[in-house]
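S.K.: Now for the letters of each chain:
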Amino acid sequence: MEFGAWNLTFGYSEIMDRIAIVGIGMTKQERRKEAETFSDMVFEAVTKALNDAEMTIQEIDNIVTGCNDFWDGRTISSMAVGDASGAWDKNISCVEGDGTFAALYGMTRILSGSYATTLVTAHSKGSESISSLITNAMFDPIYTRPLGLDAITSAALQARRYMDRFGITEEQCARVSVKNHKNAKNNPYSQLPMDISVEDVLRSRTLASPIKLLDASPISDGACALILANEKSAKRFSKHPVWIKGVGCCADAYHLGDRDLSESKSLERAAKTAYQMAGISSPIKEIDVAELYDAFTYQELMWTEGLGFCNKGDGGRLLEKGETEREGPIPVNPSGGCLSAHAVITAGLIRMAEATLQVRGEAGKRQIDGVKTALAHGINGPCGQAHCVWILGK
Amino acid sequence: MAETKIELLTKYSGEAEQPFRYSIGKWGSKFLHELRDHKRLLAIRCPKCKKVYVPPRQVCGPCFQRMEELVEISDQGTLVAFTIIRFSFIDPETGITRPVPYGYGLIKLDGCDNHFQHYINIEDESKMKIGARVRAVFNEKRKGNLLDIKYFEVTD
Amino acid sequence: MAKRVAVVGSGQTYHKSQRLDVNGVELIHEAVSKALEETHLTRDDIDLIIIGNMDHFEGINYVDMWSIDGSGGLMKPTIKLTTGGTTGSTLAIAGYHMVASGLFNVALVIGWEKNSESDTTAAINTAFDPVWDRLTFAGAIGGLALEASVYMHNYGVTEKDAARVVVRDRKNACGNPYAHLRKEVTIEEVLKSPMLCDPVKLLDMCPRSDGACAVIFASEDVAEKTTDTPAWIWGVANRHLYTFINDVDFHGLHSLKNASRELYQKCGIKEPLKEIDVIELYQPYSFGGLLWLESLGLCKDGEAPRLLWDGMTDMDGELPINPSGGVIPTNPIGATGLIRCAEAAMQIMGKAEGHQVPGVNIAMSTGFGGCMWSDILLYGKKRPG
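Chains as they are written, first to last, in my numbering: chain U, 678 to 1071; chain A, 924 to 1079; chain X, 60 to 444.
Okay, chain U solo, but in the shape it has when bound (with noise of 0.2 Å):
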C-alpha cells in the first residue's frame, strides 16, 4: 500500500457507501453579531439545515460540532453549542480544524455503519478577540511565537516566496479580490460584496508587504450547519440530495522553514486522493465550480495549481485568461469566497454549503449554469499546511 495511503485499492462504489448532503443552514456572515452567542448561531445554523432537509432534530442519529478552544475562549469550546445542536441524549463529537475536517469525521460516522444521518456543525466569532493573538497562539512557544508571527505575517512570507519564485505579480493577486468582492454582491449570507478595482486593492494599506488590506479576508462571525444521510436516509428525507464523490486530506510540514512555501504538497496529495475516488482524471474539464479557501489574495491562485487546475506557477496567468471568472470553464468562489467573509472553523464548512447549493441548481443569482460536479476545498494550520478537499456531485 502507498505511503500515507487512503484505501483506494477498489473503485469507489465498493469502498464506500453512498453518503450524500441533504441539508444545508448558514447565518450570514458580519463583522460582529453582537446581539447572538454562539449558541444563537448554531441554533440558526442548525434549524436552518432541518428545515432544509425537511428533517426534525430526532432524525439525527448523531452530531459532529467543529469549533477552536483559542477562537471561543473557552477550553472545551464545543459546551457552548451542545444544546443548540440538538445534543441532548444523543452520541456527539468535536473536531478542533476547519469544517471541512469535521464532516470528514461525521461522514465516517455513517460509513462506520454506526448511524444513518450526521449534523456537523461549525461557528466562530472572530470579532470576540484580538485575531493576531489567537493566530500567534498556533506558532511554537519555544522559538516563534516570541516573533510575533501570526496568520497575516506568515501568509507574508508565503506570499513573497510565491511570489518571487514564479513571477507572480500583485496585480495578478489583486484580480482574486477584484473578482470574489464582486462575486459576494450575489451572495446574500456574504460580508463584503463590493465593486473594487485593481487599483483600490494596490493602494489600500499594507498589512505586512507584500499583503494589503484587500488582500487579506476579514473578521468575522458566523456558523453553518449540514446534515449527512446514508443512501437509504438520503432517499427518504430529501428530494435533492447532493452526493459524495470523493473527499481527501492531507497535512504537510509545521515549521515554516521545513517546506517550500511556494508549492502545497499536502494539497496535491489530498486532490489527488479526492479525485481518484471521484474518478476524475481532467479537473477543468470534469468539475464544474470551486469553492476553494482564499484566506489571502495569492492563496486562490496557489491552490489552483495544487488542484492542478494549471500548471505550478501559472495561478496568475489561469485568472488573467479569466479561467476562474463566473463565465470561465473553471468557477473559482461565485459565493466571494473567504475574501469576501471568513469566519475561521466555519468558513470551510459554508465552502461545502455553497458547493451543495450549485449542485442543486440553488444557488440563487451565484449559481453557475449546468453544475453537476463541483469542489469545495479546506485547510488548517498555518500558510495552509492542511488541506481538505471534497467533490459533490448529482
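Honestly, the hints are just simulated from the structure, not real lab data.
The structure presented is a predicted model; accordingly, all values stated were derived computationally and were not measured.
One or more of the hints may lead you astray.
Unchecked claim - Which bits of chain A does chain U cover? Going by a derived footprint, with three or more residues having C-beta under 8 Å, they are: (1) 931-945; (2) 974-985.
Unchecked claim - Simulated coverage check for chain X against chain U, where a stretch passes if three residues somewhere in it have a Cβ under 8 Å from a Cβ of chain U: (3) 70-80; (4) 160-171; (5) 204-213; (6) 288-300; (7) 350-356; (8) 381-393.
Said to hold, decoys possible - Taking lysine to any residue pairs in the SDA-like style, the calculated list, with each CA pair at most 25 Å apart, reads: (9) Lys974/A <-> His310/X; (10) Lys934/A <-> Pro189/X; (11) Lys942/U <-> Cys233/X; (12) Lys219/X <-> Glu377/X; (13) Lys705/U <-> Ile807/U; (14) Lys953/A <-> Lys942/U; (15) Lys242/X <-> Asp373/X; (16) Lys1064/A <-> Pro189/X; (17) Lys725/U <-> Cys986/A; (18) Lys971/A <-> Ile734/U; (19) Lys953/A <-> Leu194/X; (20) Lys230/X <-> Arg102/X; (21) Lys75/X <-> Ile1013/A; (22) Lys93/X <-> Ser252/X; (23) Lys1031/A <-> Glu991/A; (24) Lys75/X <-> Tyr935/A; (25) Lys1052/A <-> Tyr214/X; (26) Lys962/A <-> Arg1009/A; (27) Lys242/X <-> Met254/X.
Glycine included, every Cβ here is placed at the ideal spot set by N, Cα and C.
Since the structure of chain U is already known, use the hints to place chains A and X on it.
M.R.: Coordinates of chains A and X only, in the frame set by chain U:
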C-alpha cells in the same frame, strides 16, 4: 565522549493575555439588566416541556426548542448541593488568586426547574446542609454581572 | 463498506508530574514510537493520525499541525479532536469510526498533556461559560465536590467509603510501570489529607501529570496480521448532555447511565456486573468510584460501597476496576481517556505487565469530563459477528 549534563530550560510565556468580549445574547442581557437595576431574577419557560431555566437562554436543550416566555422567579430557594472551597487557585478572569475558604453551591430557586450556581455565605458552617433555605444578598453597587449577587445566605 | 475494528497495540510514556527533558512534540513522539515498536509497524503503515489534548493547558492552537513531527502525521491525513476530560475517549471513539468506515486501514490515535506547563484549575475554569458559570466556578474539584455532597446526602455514603476506592486504585498502580503515583495509601491517610473542597480531600483527587499515550486501531483486513491478540471494538457510545453546570442533575451520572444503556443494548449485555470482566473507569475522584458504578448499572442506587468493601472491584474480585490504578494515580488529562482505552485493550491482549487480570474476554473503558459528560467503549477478545 561522556554526555555532559545540561540544565533543562523552560520558556515563560509572559503574561499571555487573551482578552475577549463575549456576546451575552438577548435573554442573558435582559437577565443582567433586571439584576442590576431591580434586584430581580428572570428565568425562561420552554413552551414544550414547561421547564423553567435560569439564567434565561434561547434553546431548551432536551426539547431543542426556542424559548420566548420570560418569568420572574424568587431570589430565595433551597440548597441542593454545596461545598466549601479550601484550596486557592488563580482566577482566570482576574489573574488573581481567589481568597479561601469560601462556600459554593447549587440553589433551586423557587419557581425554577434547574439550579443556580453561586457563592454561599459560610459564616456559620453548621447551617450549610442540603435542603437549607437560602436567599440572595445583593451588592449595593451593581454592574450587570452575576457577582451583583454577593452570595446566598442561609435563612433558616 | 463498514469494517470491524480492533486495537492492535499501544504505547505510553512513564507519566510524571513534570517532564522537563522533553517538549510536547517529543513527549508525543515517545508514546508513538512505543506503539509502533510494539506492533512492529512503521510510519508507512499508518493511514491517519488523530490527536487531542486540552488546548489551554499548553497554550498551543492547532495542536494537530504543531505536533506533526512527533505524531508522524507528515504528508498524511491528520485531524484533531478535543472535548475536555473526555478527549482521550473521544479520540478512541474517533479511531473506531474512522477505521470502521473503510477509508483508513490503520489509524494512530494520540492523546497527550503537559499539565505542568500551566495552572490546571485556571485552565479548567475557562471550559465553562464565561458569562454565567465561570465567575463562581471552582474548577473540576469544585464541580465534583457538589456531586459528592448530593450523593452523601441521599444515601449516607461516607468519606471512608470513598477512601476505600483510593486505597484500591493506589495499590493497583504499584503494579503499573507507567503510573505516575506508585505508592500505596491507607484509609487513614486519605481521611487526614488536606481538605480541598468539602468533602473532597487531596488524596481523593487525581494529580496532574505530564504524559502521552498512542493507540493503534486497525481494520479487520489487517488486525490479525499485526497481532495474534487483537482487542476488538464491540461498541461505542457517549453523551455530552449538558451545556451549563446549572442544568446538571447530580442524582447519578446521567451521561454515563444513558450511554451505558445504549451500549449494553447494542452489544447484548444484560448483566454488566457478571458479563464484563474488567473496567478501566475514568474516575478523577474517589466518590466517582462509587456513584458511577451505580450509574453503570452494576448495582442499585446507594449500594456501591458494598461492592467496594466486599472486594468485588479489587484485582482478585468479580469485576476488577482500574487494574492500572486508573486516574487517581495518573492524570495527563488529554491522554487519560485514551490510557483507559489502551489499558482495557491490554487486558484483553494479555499485555498488562504487572497488573494483568486473568481470563479477560470483555473489557470496558470510559471517559469523563466537560459538564459531567461520559464516553464508553466496549472491547472483546472475540471478533464481533
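S.K.: Are the Cα atoms of Lys242/X and Asp373/X separated by 25 Å or less?
M.R.: With Cα atoms ~17 Å apart, Lys242/X and Asp373/X stay inside 25 Å; holds.
S.K.: Does the structure keep Lys942/U and Cys233/X at a Cα separation of 25 Å or less?
M.R.: 48 Å, violated
S.K.: Hey, Lys219/X versus Glu377/X, does the alpha-carbon distance stay inside 25 Å?
M.R.: 22 Å, holds
S.K.: With the threshold set at 25 Å, check whether the alpha-carbon distance from Lys971/A to Ile734/U stays at or below it.
M.R.: Holds, at roughly 14 Å.
S.K.: Between Lys242/X and Met254/X, does the CA-CA distance stay at or below 25 Å?
M.R.: The given pair, whose Cα atoms are some 20 Å apart, holds under the 25 Å limit.
S.K.: Taking only the CA atoms, is the gap from Lys1031/A to Glu991/A under or equal to 25 Å?
M.R.: 21 Å, holds
S.K.: Verify the coverage statement for the segment 70-80 of chain X against chain U, using a C-beta to C-beta distance below 8 Å and requiring 3 or more qualifying residues.
M.R.: Coverage by chain U is violated here, the residue count being 0 at a Cβ distance below 8 Å.
S.K.: Please work out if Lys230/X and Arg102/X have their alpha carbons no farther apart than 25 Å.
M.R.: 37 Å, violated
S.K.: For the pair supplied as a hint, Lys725/U and Cys986/A, confirm whether the alpha-carbon distance does not exceed 25 Å.
M.R.: 17 Å, holds
S.K.: Holds or violated: the segment 204-213 of chain X covered by chain U, criterion of 3 or more residues with Cβ-Cβ distance under 8 Å?
M.R.: Since three or more residues must qualify, the claim that chain U covers the segment 204-213 of chain X is violated, with 0 doing so at under 8 Å.
S.K.: Check, residue by residue, whether the segment 350-356 of chain X contains three or more positions whose beta-carbon lies closer than 8 Å to a beta-carbon of chain U, and give the verdict.
M.R.: With 0 residues close enough to chain U, the hint is violated.
S.K.: Are the Cα atoms of Lys75/X and Tyr935/A separated by 25 Å or less?
M.R.: Roughly 20 Å between the alpha carbons, so the hint for Lys75/X and Tyr935/A holds.
The earlier numbered hints that this structure contradicts are 3, 5, 7, 8, 10, 11, 14, 20, 22, 26.
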